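Engineer: Read off the chains here:
Protein chains: 2
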Amino acid sequence: MINRLVKAISEKKAPVVVGLDPMLDYIPEQIRKEAFDKYGETLEGAAEAVIMFNREIVDATAELIPAVKPQIAMYEQFGIPGIIAYKKTVDYCREKGLIVIADIKRGDIGSTSGAYAAGHLGRVQVGEKSYMPFDADMATVNPYLGTDGVKPFVDVCKSCDKGIFVLVKTSNPSSGEFQDRSFGEETLYEAVADQVNAWGADLMEGEYSNVGAVVGATYPEMGRELRARMPHAYILVPGYGVQGGTGKDLAGFFHKNGLGAIVNSSRGIIAAWKQEKYSSYGAANFGEASRKAVEDMLEDIRAAVY
Amino acid sequence: MINRLVKAISEKKAPVVVGLDPMLDYIPEQIRKEAFDKYGETLEGAAEAVIMFNREIVDATAELIPAVKPQIAMYEQFGIPGIIAYKKTVDYCREKGLIVIADIKRGDIGSTSGAYAAGHLGRVQVGEKSYMPFDADMATVNPYLGTDGVKPFVDVCKSCDKGIFVLVKTSNPSSGEFQDRSFGEETLYEAVADQVNAWGADLMEGEYSNVGAVVGATYPEMGRELRARMPHAYILVPGYGVQGGTGKDLAGFFHKNGLGAIVNSSRGIIAAWKQEKYSSYGAANFGEASRKAVEDMLEDIRAAVY
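If you're matching them up, the sequences are chains A and B in order. Reading the first sequence from the start, the letters are residues 8 to 313 in our numbering. Reading the second sequence from the start, the letters are residues 8 to 313 in our numbering.
Pulled out of the complex, with its shape left as it was, chain A reads as follows (with noise of 0.2 angstroms):
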């Protein structure tokens, strides 16, 4: 899986994806109108409104970007029908050609985190017959529970060629209350990347593993050292725009070649229209705001690291 990735990054130079968070108040007017006139104020109303805006979204910036990424939360907060929204999702997404990191942040006891490696990225079997029921390409791990609970995804990535990016460092205000703590020699977040390196071990396509990692665009100095201290690790960078990470902050999640790490941007890209900058294009051509937001990522990004 993680070559797909790194071919369609490099074909597009585009180390981005397009976080599709989608929060009510970020769709516009008519779209949340038409969907609510059909199923009316309901989940069922409010899951049909993120299911167009997510369409016409990644209709605009398919073709300039490798990936994307769900946030299973902003679906599941809508109950069964943004489930089936997220679902519907991943499916567009796919048939699009992207590469779909599901934002699931999982992780259980062994045969807890299996289910939901099944569920997320693999198979299930029904008696006789299999499933992939959620069918992601990608998805996000949770480490609190160390080995037993990451290594069920690490199987799934073997068995069916999908890849899992785990949490390190992350990029909330205080993800360094346990994340930076340090015992002796070495932090928490340290002490995970070194697992990184030990799961993705036998996971390699190339240069990198199928088990990557997660290391905030707010924290740029621990991304110049993960990026050295997991060299074959593929870093998913969220945290970007909005969250306060900038284009120059990001040259050190890269290595040279201008590879190592795809920087996420959610809000700065699918609520682009609400912002001052693009505000020219209106509520109506919210899609077309998002895709100048990404030209605008892409060039802020490139100049960094190319």
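Among the hints, erroneous ones may be present.
[As the list claims (entries may be wrong)] The list that follows gives simulated cross-link-like pairs (lysine-lysine, DSSO-like), each with its CA atoms no further than 30 angstroms apart: (1) B/Lys14 x B/Lys255; (2) B/Lys95 x A/Lys95; (3) B/Lys45 x A/Lys94; (4) B/Lys40 x A/Lys136; (5) A/Lys136 x A/Lys19; (6) A/Lys158 x B/Lys281; (7) B/Lys95 x A/Lys45.
Think of the hints as simulated: they come from the structure by calculation, not from any bench. These figures come from a predicted structure and were not determined experimentally.
Fit chain B to the given chain A structure using the hints.
Structural biologist: Showing chain B alone in chain A's frame:
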């Protein structure tokens, strides 16, 4: 919420929770056949089998227990039909008067945790209307992202009278890999425990807070230590029975008055009919086997803690 749980535990003299974590091979052939006859060997068929199975377990055990803990991964693995079965399970158990602890182990950056909290415990706004999509009573939360990832759950506990259990020391074999690392004077799990106290300080109801903790039965020494360290946190104790913990290991998780902890058993109860010990019930009477397994568990735990 925690008062409701304490009251139910006291009334039934039952500091236990049944884990509704149905794997298909826990489900007797006759149930699977009936479900597959209706829906085929499909995800819908699997979900139907799960629901039929859960209902019979719940009917047989509800009067003995205060709460159930569905592990959402076991439903999520069957995709959308699985999630529908999860929701039906939550609703069915609540109708039976049981407290539902959603074992979801979610945790993310603030706005995303907010969406999880709204979806699973709280309320989501759609236009002028609002909904409680999954509406469990309590949920498990992963602390790796620190305070801003937990805070949205705490806020929903406050606004909607719900409760959470934060992962402190998990029951799995490799939980020590990160959780037991020590920085100077204290370990990671101790640092998390201290934050559990801080997060829960504003959510007291009598002796206990609506912010509790997860500590595995498989680590009784740490259970004793953490009981003292988090005097106001109710402790959810997984890992009893099949994972290795026994009644006599559990006394340390409780206060002297027999309160302060609730012990989960999943496979040991719901798949009791498959054990040698309960084989006389036969697959046809799997619900009765589960009831007997709850009675035996209660006897074991009451002897240790009362």
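Engineer: Does the structure keep A/Lys158 and B/Lys281 at a Cα separation of 30 angstroms or less?
Structural biologist: 27 angstroms, holds
Engineer: When you check the alpha-carbon spacing of B/Lys14 and B/Lys255, does it fall within 30 angstroms?
Structural biologist: 24 angstroms, holds
Engineer: Do the alpha carbons of B/Lys40 and A/Lys136 lie within 30 angstroms of each other, as the hint requires?
Structural biologist: Cα-Cα ~14 angstroms, so holds.
Engineer: Assess, step by step, whether the Cα of B/Lys95 is no farther than 30 angstroms from the Cα of A/Lys45, and give holds or violated.
Structural biologist: 26 angstroms, holds
Engineer: Please work out if A/Lys136 and A/Lys19 have their alpha carbons no farther apart than 30 angstroms.
Structural biologist: 38 angstroms, violated
Engineer: Is the hinted pair B/Lys95 and A/Lys95 satisfied, with a Cα-Cα distance of at most 30 angstroms?
Structural biologist: Answer holds: B/Lys95 to A/Lys95 is near 22 angstroms, not above 30 angstroms.
Engineer: Mind checking the alpha carbons of B/Lys45 and A/Lys94 for me, to see if they're no more than 30 angstroms apart?
Structural biologist: 24 angstroms, holds
Consistency note: the structure conflicts with earlier hint 5 alone.
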